[in-house]
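Asks: Build out the structure end to end from the sequences listed, making use of the hints.
Top to bottom, those sequences are chains A and B. Numbered according to numbering that gives the first Met the number 0, the first sequence spans residues 0 to 169. Numbered according to numbering that gives the first Met the number 0, the second sequence spans residues 0 to 605.
Don't read these hints as lab results, they were simulated from the structure. Backbone N, C-alpha and C define an ideal beta-carbon position, used for all residues, glycine too. Don't take each hint at face value.
[Stated by the list, open to error] Below are the EDC-like pairs computed for lysine to aspartate or glutamate, each with C-alpha atoms no more than 16 Å apart in a straight line:
id	chain 1	residue 1	chain 2	residue 2
1	B	K423	B	E239
2	A	K98	A	E86
3	B	K144	A	E18
4	A	K68	B	D317
5	B	K348	B	E239
6	B	K78	B	D122
[As the list claims (entries may be wrong)] With beta-carbon atoms standing in for the labels, derived distance ranges:
id	chain 1	residue 1	chain 2	residue 2	range
7	B	D210	A	M169	30 to 38 Å
8	B	T370	A	M169	51 to 59 Å
9	A	D122	B	A13	55 to 63 Å
10	B	D296	A	M169	49 to 57 Å
11	B	F124	A	D16	27 to 35 Å
12	A	E137	B	Q125	48 to 56 Å
13	A	P88	B	N308	36 to 44 Å
14	B	K348	A	D82	33 to 41 Å
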Amino acid sequence: MNQASPIQRRTIAVLVDNEPGILARVVGLFSGRGYNIESLTVAETDADKHLSRITVVTSGSEMVIEQIKAQLDRLVPVHRVSDLTQEGPHVARELALVKVISKGNDRVEALRIADIFRAKAIDSTIGSFVFEITGSGEKINAFIELMAPLGLAEVSRTGIVAIARGEKRM
Amino acid sequence: MSTASAPTQTQDTAPITGAEIVLKALVDQGVEVIFGYPGGAVLPIYDALFQQNALRHILVRAEAGAVHAAEGYARSTGKVGVVLVTSGPGATNAVTGLVDALMDSIPIVCLTGQVPTHLIGNDAFQEADTTGITRPATKHNYLVKDIKNLSKVMHEAFHVARSGRPGPVVVDLPKDILMGKTAYTPAPETKHPSYRPRTEPDPRAIAQAVDLMVKAKKPILYTGGGIVNSGPEASKALIELAHLTGFPVTSTLMGLGVMPAADPLFLGMLGMHGTYEANLTMHGCDVMVNIGARFDDRVTGRLNAFSPNSRKIHADIDPSSINKNVRVDIPVVGDAGNVLRAMIAEWKKRVAEGAKPDKKALASWWEQIETWRKRDCLAYRKSTDIIKPQYALERLQAITAARDDVFITTEVGQHQMWAAQFMKFQKPNRWMTSGGLGTMGYGLPAAMGVQIAHPDALVVDVAGEASTLMNIQELSTIVQYRLPVKVFILNNQYMGMVRQWQELLHGSRYSESYMDSLPDFVKLAEAFGCVGLRATKLGEVDAVINEMIAVKRPVVVDMCVDQKENCFPMIPSGAAHNEMILGPTDKDAGSGSGKGPISEEGMVLV
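Replies: Here it is, written out as structure tokens:
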């Protein structure tokens, strides 16, 4: 009955009090109830009101997604839960730092592809680059895939941050 | 409580210690009793307790007992139960009780000591990460790291514990905070910025719900603990709605008492060991009205066969309870009492406007229900010599039926289910049991808490010998405070429910479910300073029960019952409501030995 509905991917924004343990509450909720976390980002967004914004990308059946939102909303320090995927168009971005170690043609090719992707080299040595790339998760995946044969050494990603398009506010 | 009156509510700017702030906040929150156990980290609170008279402290014998006692106190009064324990082991011993209160929505504030802030994280003596450990064990928890927040946190803890869906809240109090000084501030008037539980139902949802109810041909009201938590007025509203509509009513384990057992509309408890008529009515209904219950797996049985032909209305104060296990057609978020009153008003309005509920269909639905009732599913094989556990409870019920002041607690297992089946509750708040977590050892300390709140009432812990031993130390507390609690042990020398499952599911291989070398409960009672009574033959049961009640002291009854009796009816795990096993006396039920319907799938479930 409840397993029938297909698995969906959702980006959910959660406005919380920036207090010790809040991230543990959210992460503990997901692990304790067996929900997926594809990515999770958190940082203070309003220093005066001590508010942080968590962006979590998760997946599950319709019923599970509704549960996730209700369970998040039930946490005492949670101010608002917003399902960006459901509530309308939104923009989502991720930042990655990609280290490539290579020589010769590979090095030139890496730089050329980085240019196409509008990635910036923010650190450079004779044998290495660190690229900064911003975009959708898919774009970053594509970039990393292309770097793999060109000396890809290390990747650090922020996970998705997202916000609704237009005048709509959370 | 005159000491708690006038001066406390005023803003007192003179600095006082953190420990004094804690006590002052408790008094301002209307607390009269604390269940606790001292230790190094909470010594400042105990010192402050020593110097005041507004709060009564009950010294338990183990922290687990403190939380269950507070649960019994809370559930029998509707007030918040308060616990005070020390850091480290004090806090970890309280964890089971906290989860118990979380599962059963019992309002508890548990104050835990903590090592001084500068030692936190250093593996100090009796340090534990209490907020870390109790995060999934509580509705919310706090670690107070700045004494300036102490008053606010104390008041907020009570607000969170008692409002919305009630639950346990931990306040972790480092020792330096308790010894520091600052001014006390009373509870704020302002609303909490993020925590605002919804209690008033959406009128549109009520209208949709009543739409379905008016058209129902085969309705049922499925009621739960949410009605108890809403308060006695909610029970009155339920009775009114039931009689207004003529709908049959069933109740979960946690909801027993919200509908008087004597009411002809009441079908008894539903679920795994619920009545035949309640379960078949649920299975066959066309409109299900769930008020304050949560479609627990003990209630639903196999989900894809659960009440397959009904439209479902679910009213719950906790939005996360809705559409969690069972998809419903009409969700209603709100307090059970408010929902029931809104439904009554809407129903009356509809009828006044000319809506005509289908009385003929309802009458034939009741005819059907009566045939199920006639099956007499609680019948058991009578004996003339050996004491059947059901018989002992029937007699306890009969002998206490005329009294209006009977409170029953239970441990967990067969005796708990028999108590739910055979004890008849006419009011809410009279039945304290560990439903969600199923905590053995709950009943004895819970009874203690109930008796503290109701000193003159008859408080009986219907117990099994195995569960009782899990918190037996609390007999000492009971004697210290002269609490006339009655511990009514149905002693079959087995962990009866484990034995029953082993018989039905595991080829009668009774692995570790028999207890050898049990104590002599009569002598044990006497050693603690209680009265011990024993019955081994049927003919002794009445005399023992009468004496138990007559003695105005704590009593332990060792009721030596049939060792092999099983609890029926039973919906095996993984089965549907219409696949119940009835007891051996039922002519169509086979042997009741359950060789048939338990599937491989069902065995995996608990």
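Asks: Which earlier hints can't be squared with this structure?
Replies: 1, 2, 6, 10
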